[in-house]
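**Student:** Letter by letter, the chains look like this.
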Amino acid sequence: MNNLKITIGLEVHCQLSTRAKMFCRCGTDYIGKGPNSLTCPVCLGLPGSLPVLNQRVLDLALQLALALGCRILPKVVFHRKNYFYPDLPKGYQVSQYDYPIGVNGSIDYALQGQRKSVRIKRVHVEEDAGKLVHEGMALMPDQSGVDFNRSGIPLAEIVTEPDIRSPEEARECLMMFRSLVRYLEVSDGNMEEGSLRCDANISLSRNPGEMGVKVEVKNMNSFRSVYRALSFEVERQKVLLHEGKEISQETRHWDEIKHVTVSSRGKEEAEDYRYFPDPDLLPFSIDEASLMNIREKLPELPLERKERFMLEYELTESEAGVLVSSKMLADFFEECLKELNKPKTVCNWITTEVLRNLKNLGKNINQSEITPKAFTELLRMIEKKEISGTIAKSVLEEMFTSGMNAREVISKRGISFISSEKELENIVVDVIENNPQSVADYLGGKQKAFNFLVGQVMRQTRGQASPEMVKNVLYKQLSAGG
Amino acid sequence: MAHLSRLEFTEQELETFFRDLNNILVHFEKLDTLDLSNVSPTSHITWTSPPVNPDQPVEWGREEEVMRAAPKVEDRYFIVPKIVDKQEG
Ligand SMILES: [Zn+2]
Numbered sequence: 000m001n002n003l004k005i006t007i008g009l010e011v012h013c014q015l016s017t018r019a020k021m022f023c024r025c026g027t028d029y030i031g032k033g034p035n036s037l038t039c040p041v042c043l044g045l046p047g048s049l050p051v052l053n054q055r056v057l058d059l060a061l062q063l064a065l066a067l068g069c070r071i072l073p074k075v076v077f078h079r080k081n082y083f084y085p086d087l088p089k090g091y092q093v094s095q096y097d098y099p100i101g102v103n104g105s106i107d108y109a110l111q112g113q114r115k116s117v118r119i120k121r122v123h124v125e126e127d128a129g130k131l132v133h134e135g136m137a138l139m140p141d142q143s144g145v146d147f148n149r150s151g152i153p154l155a156e157i158v159t160e161p162d163i164r165s166p167e168e169a170r171e172c173l174m175m176f177r178s179l180v181r182y183l184e185v186s187d188g189n190m191e192e193g194s195l196r197c198d199a200n201i202s203l204s205r206n207p208g209e210m211g212v213k214v215e216v217k218n219m220n221s222f223r224s225v226y227r228a229l230s231f232e233v234e235r236q237k238v239l240l241h242e243g244k245e246i247s248q249e250t251r252h253w254d255e256i257k258h259v260t261v262s263s264r265g266k267e268e269a270e271d272y273r274y275f276p277d278p279d280l281l282p283f284s285i286d287e288a289s290l291m292n293i294r295e296k297l298p299e300l301p302l303e304r305k306e307r308f309m310l311e312y313e314l315t316e317s318e319a320g321v322l323v324s325s326k327m328l329a330d331f332f333e334e335c336l337k338e339l340n341k342p343k344t345v346c347n348w349i350t351t352e353v354l355r356n357l358k359n360l361g362k363n364i365n366q367s368e369i370t371p372k373a374f375t376e377l378l379r380m381i382e383k384k385e386i387s388g389t390i391a392k393s394v395l396e397e398m399f400t401s402g403m404n405a406r407e408v409i410s411k412r413g414i415s416f417i418s419s420e421k422e423l424e425n426i427v428v429d430v431i432e433n434n435p436q437s438v439a440d441y442l443g444g445k446q447k448a449f450n451f452l453v454g455q456v457m458r459q460t461r462g463q464a465s466p467e468m469v470k471n472v473l474y475k476q477l478s479a480g481g
Numbered sequence: 167m168a169h170l171s172r173l174e175f176t177e178q179e180l181e182t183f184f185r186d187l188n189n190i191l192v193h194f195e196k197l198d199t200l201d202l203s204n205v206s207p208t209s210h211i212t213w214t215s216p217p218v219n220p221d222q223p224v225e226w227g228r229e230e231e232v233m234r235a236a237p238k239v240e241d242r243y244f245i246v247p248k249i250v251d252k253q254e255g
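Chain order of the listed sequences is A and B.
The opening residue of the first sequence carries number 0 in this note's numbering; numbering runs sequentially from there.
The opening residue of the second sequence carries number 167 in this note's numbering; numbering runs sequentially from there.
Calculated directly from the structure, the hints in this document are not laboratory data.
These figures come from a predicted structure and were not determined experimentally.
It is possible that some hints are incorrect.
Computed footprint of chain B on chain A; a stretch qualifies when at least three of its residues, placed anywhere within it, have a C-beta under 8 Å from a C-beta of chain B [said to hold, decoys possible]:
{"#": "1", "stretch": "103 to 115"}
{"#": "2", "stretch": "298 to 304"}
Computed list of chain B residues with no C-beta within reach of chain A, every gap over 10 Å [claimed, not checked]:
{"#": "3", "residue": "T182"}
{"#": "4", "residue": "F184"}
{"#": "5", "residue": "N188"}
{"#": "6", "residue": "F194"}
{"#": "7", "residue": "K196"}
{"#": "8", "residue": "T199"}
{"#": "9", "residue": "S215"}
{"#": "10", "residue": "N219"}
{"#": "11", "residue": "Q222"}
{"#": "12", "residue": "M233"}
{"#": "13", "residue": "R242"}
{"#": "14", "residue": "I245"}
C-beta: ideal position from N, C-alpha, C; glycine also.
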């Protein structure tokens with residue numbers, strides 16, 4: 000009974016990062032906009048309006064398909080997917096059917112240090128539907144409100160083969176999708192805001208040679224809910240199989256509050272969408288030259304970059320993982336190395352202090368005031384022991400909020416930081432003279448007494464000297480027979 | 167047909183439409199005489215360079231007219247009968 004084979008496939012939708020919609024010139028920046036303010040005859044489905052493809056949609060879809068190693072089909076063909084629902088003004092969705100943008104690709108990701116690969120069946124593009132609102136306003140219980148701001152926003156759909164073997168793998172694979180679309184800058188990949196959505200199909204089988212009954216799971220709105228929903232399904236189906244019951248082929252929705260999947264009532268009896276080629280959008284050939292151009296401009300992908308960071312900069316997997324989780328952060332890291340070639344130091348500061356400050360400010364590295372030059376200047380000051388690590392942390396914090404560089408922050412605060420051992424000497428000599436007992440204790444072999452003296456010097460300097468430098472000078476003075 | 171599309175026309179408009187539709191039907195009858203047995207039902211010409219839009223938003227600016235024409239609008243939402251047998255997503 001324990002040898003159940005789990006088979007999972009994913010269907011991922013991501014909103015392509017275009018400024019205008021897929022077939023009209025309406026803007027896509029709908030967050031915070033009034034209902035139906037980003038609309039026109041095309042995306043409202045008014046009679047007589049004609050769609051015109053946004054060139055960028057094709058470019059982004061090709062980038063995505065190429066990065067997933069897909070074979071690009073030579074022609075672009077749009078189909079109408081017909082169904083009736085109030086959020087779909089035309090009564091059909093412009094999508095792709097038997098002729099997607101790309102086929103037969105793969106995505107690689109790592110789970111606990113092990114590299115895994117999932118085959119991609121297809122990548123295609125389609126338009127988003129509008130949004131239905133069931134509550135609020137002066138709505139009657141039998142009414143809904145429709146907002147078409149999202150109608151016509153371009154989506155890419157990625158369908159994987161059922162190569163995933165556990166809920167953990169599914170979550171990890173989805174995270175790699177997000178990383179990938181962010182690296183390519185084809186989508187912001189934000190699950191909470193709905194620009195990345197994921198459905199899954201899952202089956203359990205006693206016999207490793209065959210697939211079980213496929214159950215579709217929908218409505219998973221975070222990485223955590225993908226993991227939880229699929230784990231729930233594994234358990235549910237295990238129990239059914241154990242009791243010798245049939246698993247029915249159905250669609251189930253994840254209930255985020257009750258933490259269960261619920262069968263969708265009725266319907267889904269193999270819906271017939273009556274796909275046919277859209278007569279308003281004639282097929283056209285992809286231009287070889289522009290395809291080559293896109294292929295050449297593909298950036299280094301997250302997994303490759305992580306492995307390169309581990310090899311080239313001798314970082315651990317988790318360090319490299321944090322850095323490459325965002326392209327901007329990884330770029331920032333490598334820009335810093337051009338200024339200061341200390342990968343370990345730069346990495347430590349980025350993965351702790353820089354990320355902490357960014358989190359507090361709710362910004363990403365490119366939105367922040369900090370530049371690789373300013374940041375590495377601060378690190379260099381620590382290296383040269385001009386300031387202590389503790390001071391540097393608070394200086395960095397102010398650099399983030401004010402946009403000043405390290406030296407400006409230091410002079411503004413009136414920190415006359417002690418930058419040379421020479422300056423420290425007087426204080427050290429003072430401390431030695433005022434604490435003869437401790438000096439005697441130290442010379443008698445008590446290490447504690449040395450730490451006490453360090454503390455005294457630090458207090459005198461009000462923390463403006465680095466402990467290492469204090470220790471150095473103190474040690475020199477004491478061994479000089481002070 | 168006017169009833170199906172929920173549009174209202176005057177008698178005169180209806181007459182014009184009737185004539186136009188009739189012409190279209192006659193045209194289709196002519197098309198029917200062609201021998202298309204070797205052509206697949208959904209194939210059509212391929213564009214070499216299709217018309218495309220640049221990725222720059224342009225405001226249409228006439229949403230108010232659509233709002234006025236809609237049967238029911240509340241807080242700028244179009245109001246429709248609720249359909250419960252399909253969940254969001
Ligand atoms: Zn529009």
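**Student:** All the hints need checking, so say for each whether the structure fits it.
**Tutor:** We went through each hint and held it up to the structure:
1. Only residues whose beta carbon comes within less than 8 Å of a beta carbon in chain B count, and the stretch 103 to 115 of chain A has 0; fewer than three means the coverage is violated.
2. Proximity of the stretch 298 to 304 of chain A to chain B, defined as three or more residues with a beta carbon under 8 Å from a beta carbon of that chain, is not established by the 0 residues found.
3. Remark: the non-interface label on T182(B) is consistent with the geometry, its nearest Cβ contact in chain A lying 16 Å away (cut-off 10 Å).
4. The beta carbon of F184(B) is kept farther than 10 Å from every beta carbon of chain A, the shortest such distance being approximately 19 Å.
5. Taking the minimum C-beta to C-beta distance to chain A, about 21 Å, the non-interface status of N188(B) holds against the 10 Å cut.
6. Non-interface status of F194(B) relative to chain A is upheld: no Cβ of that chain comes within 10 Å, the nearest being about 15 Å off.
7. Here K196(B) stays apart from chain A, with its beta-carbon at least about 19 Å from theirs, past the 10 Å limit.
8. With a least beta-carbon separation of about 22 Å from chain A, T199(B) lies farther than 10 Å from that chain, consistent with its non-interface assignment.
9. At roughly 7 Å from the closest C-beta of chain A, the C-beta of S215(B) falls inside 10 Å, breaking its exclusion from the interface.
10. With a least CB separation of 5 Å from chain A, N219(B) falls inside the 10 Å interface cut-off, contrary to its annotation.
11. Not every CB of chain A lies more than 10 Å from the CB of Q222(B), the least distance being 6 Å, so the non-interface label is violated.
12. Chain A draws M233(B) into its interface by the beta-carbon criterion, the shortest separation being 7 Å against a cut-off of 10 Å.
13. For R242(B), the non-interface assignment is contradicted: its Cβ lies about 4 Å from the closest Cβ of chain A, within the 10 Å cut-off.
14. Against the 10 Å criterion, I245(B) falls within the reach of chain A, whose nearest CB is about 5 Å from its own CB.
In the structure shown, a violation is registered for the earlier hints numbered 1, 2, 9, 10, 11, 12, 13, 14, in ascending order.
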